[in-house]
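Using my numbering, read the sequence shown as starting at 1 and increasing by one per residue.
Please note: incorrect hints may appear among the correct ones.
What the hints assert, rightly or not - Under the rule of at most 25 Å between Cα atoms (straight-line distance), these lysine-lysine pairs were calculated in the PhoX-like manner: (1) Lys-65 x Lys-77; (2) Lys-77 x Lys-34; (3) Lys-51 x Lys-34; (4) Lys-22 x Lys-77; (5) Lys-132 x Lys-107; (6) Lys-119 x Lys-132; (7) Lys-107 x Lys-119; (8) Lys-171 x Lys-152; (9) Lys-22 x Lys-73; (10) Lys-22 x Lys-34; (11) Lys-51 x Lys-152; (12) Lys-171 x Lys-77; (13) Lys-76 x Lys-65; (14) Lys-22 x Lys-76; (15) Lys-119 x Lys-73; (16) Lys-22 x Lys-51; (17) Lys-34 x Lys-73; (18) Lys-111 x Lys-77; (19) Lys-22 x Lys-152; (20) Lys-65 x Lys-107; (21) Lys-107 x Lys-76; (22) Lys-51 x Lys-77; (23) Lys-65 x Lys-111; (24) Lys-132 x Lys-22; (25) Lys-22 x Lys-65; (26) Lys-132 x Lys-152; (27) Lys-22 x Lys-111; (28) Lys-152 x Lys-111.
By construction, these hints were calculated from the structure, which means they are not laboratory data.
Note that the structure is predicted; figures quoted are calculated from it, not measured.
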Amino acid sequence: MKVTKKILRCGFDLDGTLFSIKLMLQRFNEATGKRIEFSQLNNYSFADVFKISDQQEYDIFSRIKTDINLHSKPLKKTANLVRHLSRQGIEIDIITARRESAMEETKIALKESGIVFDKIFINQPNKYNVIKDLNLTRYFDDQGQLIERLMKTDVADFCELTLIDAPYNQKFSCHSRFYV
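Full structure from sequences and hints, please.
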């Protein structure tokens, strides 16, 4: 009988998971003239938090995205976890909704932050398919709505779904939380 070893693979989101969203919050505060603190974020959607339209959110983000993509600080605990897992031979996949045009900036920021990865999947608003196709062992994300939605699918049977703890995702269910 041939025994096959299961390849351990972990997936990570970028913004709010590997990189802090505090610079993004600062830039949105500047663009809207508001003073919202990270601890006050009670929703994942900046449109809802800042009480602006989805189009206004898109327009602001379009203006600040290069700055955000290149200069957001890594979340040290998550970045250290990625390095630790990679040294143990676990494959690291990054799955992000960032636009395709952000690929080079994203790779530069990851390299400068010392965040290693095997593959990156960009422009992935529907992460379910990627997680399922890769047969991930564990997936990390800060978006509570996404993790809770995935908890109700077959992905939850083979993949541990971990929320990166943040003020805006306290009410959502998950397999585990990672505190940064």
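Hints, verified against the model:
Straight-line distance between C-alpha atoms of Lys-65 and Lys-77 comes to about 24 Å, which keeps the hinted pair within the 25 Å bound. This hinted pair does not check out: Lys-77 and Lys-34 have alpha carbons roughly 29 Å apart, beyond 25 Å. Distance check on the hinted pair: Lys-51 and Lys-34 sit about 10 Å apart at the alpha-carbon level, within 25 Å; holds. Simply put, Lys-22 and Lys-77 have alpha-carbon atoms about 16 Å apart, close enough for the 25 Å limit, and the pair holds.
Between Lys-132 and Lys-107 the CA atoms are separated by roughly 24 Å; this keeps the pair inside 25 Å, and the hint holds. With a C-alpha separation of about 15 Å, the suggested pairing of Lys-119 with Lys-132 holds against the 25 Å cut-off. Straight-line distance between C-alpha atoms of Lys-107 and Lys-119 comes to about 11 Å, which keeps the hinted pair within the 25 Å bound. Straight-line distance between C-alpha atoms of Lys-171 and Lys-152 comes to about 16 Å, which keeps the hinted pair within the 25 Å bound.
About 8 Å separates the Cα atoms of Lys-22 and Lys-73, which keeps this hinted pair within 25 Å; it holds. With a C-alpha separation of about 14 Å, the suggested pairing of Lys-22 with Lys-34 holds against the 25 Å cut-off. Taking the CA atoms of Lys-51 and Lys-152, the gap is near 30 Å; set against the 25 Å cutoff, the hint is violated. Proposed proximity of Lys-171 and Lys-77 is supported: the alpha carbons are some 22 Å apart, at most 25 Å.
With a CA separation close to 21 Å, the supplied pair Lys-76 and Lys-65 stays within the 25 Å bound. Between the alpha carbons of Lys-22 and Lys-76 the distance comes to roughly 14 Å, so the proposed pair stays at or under 25 Å and holds. Taking the CA atoms of Lys-119 and Lys-73, the gap is about 21 Å. The hint holds against a cut of 25 Å. At most 25 Å may separate the alpha-carbon atoms for a hinted pair to count; Lys-22 and Lys-51 meet this at roughly 18 Å.
A hinted pair counts as satisfied when its Cα atoms are at most 25 Å apart, and Lys-34 with Lys-73 qualifies at roughly 22 Å. Annotation: proposed proximity of Lys-111 to Lys-77 holds, straight-line Cα distance about 17 Å (limit 25 Å). In summary, the hint linking Lys-22 to Lys-152 is not supported, as the alpha carbons are separated by about 30 Å, beyond the 25 Å threshold. Among the hinted pairs, Lys-65 with Lys-107 is consistent with the structure: their alpha-carbon atoms are about 14 Å apart, no more than 25 Å.
A C-alpha spacing of about 17 Å is found between Lys-107 and Lys-76, which places the hinted pair at or below 25 Å, so the restraint holds. Proximity of Lys-51 to Lys-77 is assessed by CA-CA distance (about 31 Å); at most 25 Å being required, the pair is judged violated. Straight-line distance between C-alpha atoms of Lys-65 and Lys-111 comes to about 18 Å, which keeps the hinted pair within the 25 Å bound. Between Lys-132 and Lys-22 the alpha-carbon distance is near 30 Å, which puts this suggested pair outside the 25 Å criterion.
As the CA atoms of Lys-22 and Lys-65 are separated by approximately 13 Å, the hinted pair is consistent with the 25 Å bound. With a C-alpha separation of about 13 Å, the suggested pair Lys-132 and Lys-152 falls inside the 25 Å cut-off, and the hint holds. With a CA separation close to 20 Å, the supplied pair Lys-22 and Lys-111 stays within the 25 Å bound. A hinted pair counts as satisfied when its Cα atoms are at most 25 Å apart, and Lys-152 with Lys-111 does not qualify at roughly 35 Å.
Hint violations for this structure: numbers 2, 11, 19, 22, 24 and 28, all remaining hints satisfied.
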